[in-house]
Amino acid sequence: MSFFLIQMNFKGKDIISIKDFSKKEINHILSYAQEMVPYALGEKYKNILNGKVLSSLFFEPSTRTRLSFESSMNRLGGRVIGFSDPSGTSQKKGESLADTIRMADSYSDAIVIRHPHEGAARLAAEFANAPVLNAGDGAGRHPTQCLLDLFTIRSEKKRIKNKDIVLLGDLKYGRTVHSLAYALALYGAKLTFVSPTSLKMPNEVINECKELGVEPTQTSNLEKAIKDEDVLYVTRIQKERFPDAEEYNRVVGAYKIDNNLLKNGKENLIVMHPLPRVTEIDPEIDSTHHAIYFKQAFNGVPVRMALLSLVTGGRL
Amino acid sequence: MKKELKVPRIKDGTVIDHITAGNAVKVLHILGIPKGTSSIVSVAMNVKSELGKKDIVKVENRELDPHEVNKIALIAPKATINFIRDYEVAKKHKVKLPDEIVGIVSCSNPTCVSNAKEPVKSRFKIISKDPPRIKCYYCEREPEDIADRII
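Note that the protein sequences, when read in sequence, are chains A and B.
In this text, residue positions in the first sequence follow the numbering used here: the first is 825, and each later residue adds one.
In this text, residue positions in the second sequence follow the numbering used here: the first is 0, and each later residue adds one.
Next comes chain A alone, as it looks inside the complex (with noise of 0.2 Å):
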């Protein structure tokens, strides 16, 4: 590792939003994750984790996130505790969060958790003395996910700078797309939403990009919107998320990526998804060079070595 990154100290920081790092702080967590590829790849491999012990505590069912952190921990030499089905703890005699994690605290040496709540781990982050890493509160942040989409961007576009990016999809509940907005426009991009009108992007993102110098295109027209872009974020409609059953039947299937869509689209557009996708990209896509929506799945392995390796003091 870099002398600077060392002198950036993450040792002990909890990684909790995007909104809590620097563009600076961003980069190096990004040059790190570079880094970490081989090791990800299991062509190098470094016991710089050994001894240490992560907490892994799942309150909502996940696939990527939770895999990929334990891959991590395991790629670096290190150990995983935890659970992915909160039913078969304390919590279900009633147990507070705040005593979940003193408790969990204690036997560990990092936490990664993902909980209902929106702002649990930051909660977390305050009874613990072990950095808290945030895998997704409720329909809240999920600055991992975030990290992981700006390196796949970088790696794929080399910078971020000025890249025509499209957001489509459910932008009013999607729990990924606000912080990456925030993070897109913290870096200069060129940023257009697409969605229903009712699943619109709210107010407060679009204030927060437009205070960060990026004035955002906001439409229902897809076609129209991918025409000269580079990179285009697919977000599923979220069924979970809908207050009612009505609203989601309306809007489900209101866009589909296909190779007709795609025609529309310049050569070396990029089609990324946080994953996982129902019916908004047809798997014809899947073995275009279009689609970059697993090798998007992978980076979520070295940018979570990098965070783990960085929090927890072990480094390459």
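It is worth saying that the hints were derived from the structure and are not from the lab.
Some clues are possibly wrong.
Unchecked claim - Okay, derived cross-link-like pairs now, SDA-like style, lysine to any residue, Cα gap no bigger than 25 Å in a straight line: (1) 843(A) - 131(B); (2) 1080(A) - 1102(A); (3) 843(A) - 119(B); (4) 134(B) - 1067(A); (5) 116(B) - 963(A).
To be verified - Calculated Cβ distances over 12 Å to all of chain A for the following chain B residues: (6) 16; (7) 17; (8) 31; (9) 36; (10) 65; (11) 77; (12) 88; (13) 91; (14) 102; (15) 103; (16) 109; (17) 115; (18) 116; (19) 128; (20) 130.
Claimed, not checked - To be clear about the criterion: a stretch of chain B counts as covered by chain A if any three or more of its residues have a C-beta under 8 Å from a C-beta of chain A, and this derived list gives those stretches: (21) 48-58; (22) 69-75.
Virtual Cβ for every residue (Gly too), placed ideally from N, Cα, C.
Here the structure of chain A is known, so what remains is to put chain B in place on it, guided by the hints.
Okay, now just chain B, sitting in the frame of chain A:
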């Protein structure tokens, strides 16, 4: 027009003046008054003034901690605090919102962790002082109906 005092002058204590009309009771609630004090407390509501209607609170024989009183700027941003000594105004200042408020307003987000059964008080960062705008420390939501969310 002859001036008339609706609430008698006090010899010593604190007068909170220029409270947004109708908010005096909420102001007392935020300050935890009369709980913990045996002082005489007088409240005048909808009093006519040059700038329209206002509320006034007078607390006798007690000088409130200005730091504590600043919290009322959330719902009464134009209020002034006057310390009275021997019938004279000894000190006067406008309320000024602190940078953070704890345990005064509940979060408007029903799934915010501060509304769950956890051993924490609600906590908000002040993002704008006039008009008052606050953001939840936990879920980052901005409640619009601050006055209705006083705990």
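Now for the hints, and whether the structure bears them out:
no., hint, verdict
1, 843(A) - 131(B), "22 Å, holds"
2, 1080(A) - 1102(A), "10 Å, holds"
3, 843(A) - 119(B), "23 Å, holds"
4, 134(B) - 1067(A), "23 Å, holds"
5, 116(B) - 963(A), "19 Å, holds"
6, 16, "35 Å, holds"
7, 17, "31 Å, holds"
8, 31, "24 Å, holds"
9, 36, "32 Å, holds"
10, 65, "28 Å, holds"
11, 77, "26 Å, holds"
12, 88, "42 Å, holds"
13, 91, "36 Å, holds"
14, 102, "15 Å, holds"
15, 103, "17 Å, holds"
16, 109, "10 Å, violated"
17, 115, "6 Å, violated"
18, 116, "6 Å, violated"
19, 128, "18 Å, holds"
20, 130, "15 Å, holds"
21, 48-58, "violated (count 0)"
22, 69-75, "violated (count 0)"
In this structure, the hints that do not hold are numbers 16, 17, 18, 21, 22, in rising order.
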